[in-house]
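Asker: One letter stands for each residue in the lines below.
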Amino acid sequence: MNIVVKDPRLLMGRLVRDRILSEVASYVNKAGRIGKLVSISIGEVPEIMIYVRNQAAAARAAGLGFDQQLWSADIPQEACKAAIQAMNDDPEVLGVILQRPVPAHINVRSLQSAIHPLKDVEGMNPASIGNIVYNDVAMAPCTAAAAVELIRETGLTLEGLEVVMVGHSEIVGKPAANMLMAAGATVTVCHHMTRSVAMHSRRADVVLVAVGKPHLIGADMIKPGAVVIDIGINQMTGADGAVTIVGDVDTDAVSQVAGWITPVPGGVGPVTVAILMRNAVNAHRRQTDAGWIG
Amino acid sequence: MAATIIDGKGFAGTIREQVAGHVARLKEDHGLTPGLAVVLVGEDPASQVYVRSKGKQTVECGMASFEHKLEADTSEADLLALIARLNADPAVHGILVQLPLPGHLDEDLVINAIDPAKDVDGFHISNVGLLATGQKSMVPCTPLGCLMLLRAHHGRLSGMNAVVIGRSNIVGKPMAQLLLGDSCTVTIAHSRTRDIQELCRRADIVVAAVGRAEMVTGDWIKPGATVIDVGINRIDAPEKGTGEDGRVKTRLVGDCEYDSCAAVAGAITPVPGGVGPMTIACLLANTVTACCRANGLAEPEGLTA
Numbered sequence: 468m469n470i471v472v473k474d475p476r477l478l479m480g481r482l483v484r485d486r487i488l489s490e491v492a493s494y495v496n497k498a499g500r501i502g503k504l505v506s507i508s509i510g511e512v513p514e515i516m517i518y519v520r521n522q523a524a525a526a527r528a529a530g531l532g533f534d535q536q537l538w539s540a541d542i543p544q545e546a547c548k549a550a551i552q553a554m555n556d557d558p559e560v561l562g563v564i565l566q567r568p569v570p571a572h573i574n575v576r577s578l579q580s581a582i583h584p585l586k587d588v589e590g591m592n593p594a595s596i597g598n599i600v601y602n603d604v605a606m607a608p609c610t611a612a613a614a615v616e617l618i619r620e621t622g623l624t625l626e627g628l629e630v631v632m633v634g635h636s637e638i639v640g641k642p643a644a645n646m647l648m649a650a651g652a653t654v655t656v657c658h659h660m661t662r663s664v665a666m667h668s669r670r671a672d673v674v675l676v677a678v679g680k681p682h683l684i685g686a687d688m689i690k691p692g693a694v695v696i697d698i699g700i701n702q703m704t705g706a707d708g709a710v711t712i713v714g715d716v717d718t719d720a721v722s723q724v725a726g727w728i729t730p731v732p733g734g735v736g737p738v739t740v741a742i743l744m745r746n747a748v749n750a751h752r753r754q755t756d757a758g759w760i761g
Numbered sequence: 003m004a005a006t007i008i009d010g011k012g013f014a015g016t017i018r019e020q021v022a023g024h025v026a027r028l029k030e031d032h033g034l035t036p037g038l039a040v041v042l043v044g045e046d047p048a049s050q051v052y053v054r055s056k057g058k059q060t061v062e063c064g065m066a067s068f069e070h071k072l073e074a075d076t077s078e079a080d081l082l083a084l085i086a087r088l089n090a091d092p093a094v095h096g097i098l099v100q101l102p103l104p105g106h107l108d109e110d111l112v113i114n115a116i117d118p119a120k121d122v123d124g125f126h127i128s129n130v131g132l133l134a135t136g137q138k139s140m141v142p143c144t145p146l147g148c149l150m151l152l153r154a155h156h157g158r159l160s161g162m163n164a165v166v167i168g169r170s171n172i173v174g175k176p177m178a179q180l181l182l183g184d185s186c187t188v189t190i191a192h193s194r195t196r197d198i199q200e201l202c203r204r205a206d207i208v209v210a211a212v213g214r215a216e217m218v219t220g221d222w223i224k225p226g227a228t229v230i231d232v233g234i235n236r237i238d239a240p241e242k243g244t245g246e247d248g249r250v251k252t253r254l255v256g257d258c259e260y261d262s263c264a265a266v267a268g269a270i271t272p273v274p275g276g277v278g279p280m281t282i283a284c285l286l287a288n289t290v291t292a293c294c295r296a297n298g299l300a301e302p303e304g305l306t307a
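Sequences listed follow chains A and B, in order.
What the first sequence shows, in my numbering, is residues 468 to 761, in sequence order.
What the second sequence shows, in my numbering, is residues 3 to 307, in sequence order.
One should not assume that every hint holds.
Stated by the list, open to error - Some chain B residues judged to face chain A by a derived CB distance under 8 Å, without partners named:
no., residue
1, Ile127
2, Ser128
3, Thr135
4, Gly136
5, Ser160
6, Gly161
7, Arg169
8, Asn171
9, Lys175
10, Leu182
11, Thr187
12, Val188
13, Thr189
14, Ala191
15, Arg194
16, Thr195
Unchecked claim - Residues of chain A clear of chain B, computed beta-carbon distances all greater than 12 Å:
no., residue
17, Ala498
18, Val519
19, Gly530
20, Asp541
21, Asp719
As the list claims (entries may be wrong) - Quick list of in silico lysine-lysine cross-link-like pairs, DSBU-like style, CA-CA up to 35 Å:
no., chain 1, residue 1, chain 2, residue 2
22, A, Lys690, B, Lys224
23, B, Lys224, B, Lys251
24, B, Lys224, A, Lys680
25, A, Lys473, A, Lys680
26, B, Lys224, B, Lys58
27, B, Lys242, B, Lys11
28, A, Lys503, B, Lys138
29, B, Lys251, B, Lys11
30, A, Lys497, A, Lys548
31, B, Lys138, A, Lys548
32, B, Lys251, B, Lys71
33, B, Lys138, A, Lys680
34, A, Lys548, A, Lys503
35, B, Lys242, B, Lys58
36, B, Lys138, B, Lys29
It should be emphasised that the hints constitute simulated quantities derived from the structure, not laboratory data.
Every value quoted in this text rests on a predicted model; they were computed, and no experiment measured them.
Ideal Cβ placement from N, Cα and C applies to all residues, glycine included.
With the hints as extra help, turn the sequences into a complete structure.
Answerer: Printed below as a string of structure tokens:
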């Protein structure tokens with residue numbers, strides 16, 4: 468029999484995910500009647516189907532209703548907008564998830580703006596992002612919030628920590644930077660034009676990476692004992708043709724230096740979908756406070 | 003070698019000339035007059051000075067200025083009704099509500115009632131989010147002015163290490179977004195930052211916006227770095243003697259100790275005469291940009307981020 472000793476340096480997403488989902492479930496139980504999440508997919512895209520399945524499973528675990536809508540690939544923009552606006556007015560709809568990508572004729576930003584901020588469980592409406600910049604982080608983009616949650620899992624106090632965020636995408640890097648700054652961290656944002664990422668990352672207490680480049684971050688770029696949060700998801704095909712999923716961090720090498728590291732897969736990913744459910748709970752609280760629902 | 007002095011006062015004049023040129027062109031080619039509405043509630047003396055100065059410069063650039071002065075006890079409903087009228091008025095392209103508002107008025111509510119397309123201060127929550135996601139927005143005037151000064155001095159900012167000191171909503175945070183937009187590597191330092199001096203010493207660009215007189219000294223600055231001083235602080239100046247009222251005279255200083263920073267920096271903005279004059283110039287620039295967008299015309303180049 469093999470005895471599996473879990474490496475304490477690994478920040479396992481599954482545990483955090485389960486804890487958040489059980490918190491959500493207990494809220495949902497107490498709330499009694501609570502609306503449903505609506506997932507909108509426009510046109511059939513195989514990779515979206517996997518996301519939606521995961522979200523549906525998490526919603527089921529949390530006791531939340533989950534309505535999977537598949538709209539036809541040639542639906543006009545105006546029809547999408549009208550349907551979303553109807554959901555804004557529908558008290559049975561707790562939150563709206565707009566799956567991406569969408570067909571080329573759809574203006575995704577315009578549709579994201581159409582989702583009311585109180586139902587914007589993905590945190591994609593510019594007004595939702597504005598709230599995050601202004602330190603109101605209750606409904607933040609899920610991947611960014613999952614990364615922050617995993618940093619908290621180490622038990623470190625965020626205030627005063629030196630954090631380097633590698634990657635400045637709108638849906639991960641920038642919101643994560645804003646959330647960490649709101650928590651009192653000193654944040655440096657690096658990206659593809661940064662002259663020397665290592666110069667910044669080697670000084671950091673926490674390094675987050677979300678650029679989509681396999682093994683970009685090596686052991687020589689990390690301060691001993693630092694926290695490393697790997698948000699990248701890359702497919703690699705080995706010499707034998709086998710496909711594996713790796714992050715942006717050379718996990719084996721970096722784990723010899725880091726104090727904590729998130730594995731890929733199994734780190735940030737599982738937490739992301741749990742955050743979506745927690746956002747749904749926060750949406751319920753806000754809609755209740757606003758007098759939308761009784 | 004002494005630092006180059008970045009002449010914000012002079013550069014603001016250039017921006018105003020550009021704005022005036024675009025205003026003349028809009029009138030001639032399209033029969034449009036960009037209009038800026040400024041709303042002042044109450045009689046705060048400093049706010050009155052700002053509003054007067056904004057109105058004067060608006061008119062000097064050939065734009066229409068609409069000043070709305072309301073009593074200090076104006077109700078929220080009346081103020082919101084005025085904003086709704088200005089939102090609907092096609093002659094008004096920019097709306098500015100002078101802050102601070104009297105205590106009984108909810109500033110967030112009032113600012114977020116402005117049509118984001120007319121929010122020339124760039125404080126509406128949607129504009130904040132649009133800027134944070136790299137989309138077209140109205141950009142807050144003071145950080146926009148700093149960006150223009152940096153671009154004028156350096157040309158391209160790409161790859162430079164920038165440290166923004168201060169994480170305020172009106173300067174520090176939008177400044178960081180703008181510098182990221184120009185591909186700087188950006189660090190935001192603030193009151194919780196552990197070793198702020200050391201952080202600054204690694205920066206090619208330091209933007210100080212904390213409101214603490216002469217906090218940044220020359221030993222914080224990397225030789226040759228560019229220092230943008232957003233602070234405006236009034237301090238006692240006993241060396242100037244006492245005034246007729248028997249009080250010690252005062253002077254304006256920035257967040258950076260000018261002499262020691264200028265001895266090390268490659269370039270520095272003075273206080274006064276650096277960032278300050280750029281703010282109203284950028285307000286005028288934003289109004290022209292808003293007018294062009296509202297009418298489906300190409301935006302003038304170089305007047306926004």
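Asker: Hint numbers the structure violates, sorted upward?
Answerer: Failing hint: just 26.
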